[in-house]
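S.K.: Letter by letter, the chains look like this.
2 protein chains.
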Amino acid sequence: MSAFVKMGGMKKRKKADPRARILEVANRLFYAEGVRATGTEKIMAVAEVAKATFYRHFESKDALVLAYLDRSAQAFWDYLMSPTPPGDVHEALIKIDRLANHPDVTGCPFLLIAAEYPDIAHPFHRRAIEQKDKLLAYLIDLLKPFAIDRTVAATKLLTIIDGALSLRTVYGASKEIPLLSSAEALLKSFE
Amino acid sequence: MSAFVKMGGMKKRKKADPRARILEVANRLFYAEGVRATGTEKIMAVAEVAKATFYRHFESKDALVLAYLDRSAQAFWDYLMSPTPPGDVHEALIKIDRLANHPDVTGCPFLLIAAEYPDIAHPFHRRAIEQKDKLLAYLIDLLKPFAIDRTVAATKLLTIIDGALSLRTVYGASKEIPLLSSAEALLKSFE
DNA sequence: ACGAAGGCAGACATGTCTGTCTATATTGCT
DNA sequence: AGCAATATAGACAGACATGTCTGCCTTCGT
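Protein sequence lines correspond, in order, to chains A and B.
For what it's worth, this note's numbering labels the leading residue of the first sequence as 342, then goes sequentially.
For what it's worth, this note's numbering labels the leading residue of the second sequence as 342, then goes sequentially.
Hints listed in this document are in silico derivations from the structure and should not be mistaken for laboratory results.
Predicted model, so just to flag it, every value in this text is computed and none were measured.
Take these hints with a grain of salt, some might be off.
Copies of the same chain look alike in the list, so a pair counts if it works inside one copy or between any two.
Using 27 Å as the maximum straight-line C-alpha spacing, the simulated DSS-like pairs for lysine-lysine come out as follows [what the hints assert, rightly or not]:
| hint | residue 1 | residue 2 |
| --- | --- | --- |
| 1 | 485 | 516 |
| 2 | 475 | 383 |
| 3 | 485 | 436 |
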């Protein structure tokens, strides 16, 4: 019965574990308003978390930003590979186009962080490079069937992907960008 | 004659007029390190300008940022249109490719500012939208010879241009991006 | 030569940000 | 029930940012 009372019969449902709340809010605010523009105090206020609690879970704002970036990368690859990984480049591009033109998507977290921290030696910026390198490698792999310079070809595809995401940032989620159609034209030129 | 004596100067070679110095330094620092990351005091220190002088020429940091953005736009169009404007899309793309892959170029000031100020209602972000709209309109005009949906086609070209510039930001000026080659493949698909 | 305009140096007010610390309350486990 | 871990609220320190203001010096037109 104590268990019953403890769980509070769920009165405490409104407050899940603080770390998750912090990450949730940080993700939303960093993405929507920018990392530099988002103060830790605002995150704490929105997440309804005390300062000491925040610093118990994250050593610093920098640590939180890194966690946010890792979480974003995770979410991207989860989306791309689930429920089943793309069978070829075309399928991958379809999925990426759908993601880039999703109403909630207003850019790529890694392009955004690279713009906010232009120094390529900065840890945040490094995460962006790593992420793009990873995607590039994946595209190169998918281009195996093509008898071309796959590195150059993948770079071109990445250019289109990142161009589309950049335009989503500039114009907002309202304007759709013909990512897939552009990429298909490129693919045709590879044959 | 007074005009002669007046202009005659030039002795002040070591310190040009303060406004120009401020803009010069602001341009360099905003572009290389980001707008939010660059404090006005640093700009004054590097430009060797006193605080009062700074505020005599610019009402606020915001005013300076706007001046920086306008200057960037001006520089872009000057580059594109001089000494002679491109005769067709292809010539324009050649010029833009050369610009985007220039060793000093690590991105587009407008994509960068849009990333730093994601709110599309913010005056800085608005400048980015205006600039992209202007380029889009120019591309649409250049596509006149093509019997296609020129708005969509121009958007695709802009996607490639901004994708290339985004990758320059991520990877730094070392990595060359095949902008022209991608754009040519697209153009072929328009015929 | 002289007076006004503009530049220089830097103190100061004000606000914001990150991060530390204390004191109190709640939770969870045994 | 009671103890250890964790949450909350918020004061506080220290750094840094923008923008105002004062006082002094240089430059330039007349």
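S.K.: If a hint holds in the structure, say so; if it doesn't, say that too.
M.R.: Status of the hints after comparison with the structure:
Taking the shortest alpha-carbon separations for residue 485 and residue 516, only the inter-copy value of 23 Å comes in at or below 27 Å, while the best intra-copy value is 33 Å. When the C-alpha separation of residue 475 and residue 383 is checked against a cutoff of 27 Å, the pair qualifies neither within a copy, at 33 Å, nor between copies, at 37 Å. For the homomeric pair residue 485 and residue 436, the shortest alpha-carbon distance inside one copy (19 Å) is at most 27 Å, but the shortest distance between copies (32 Å) is not.
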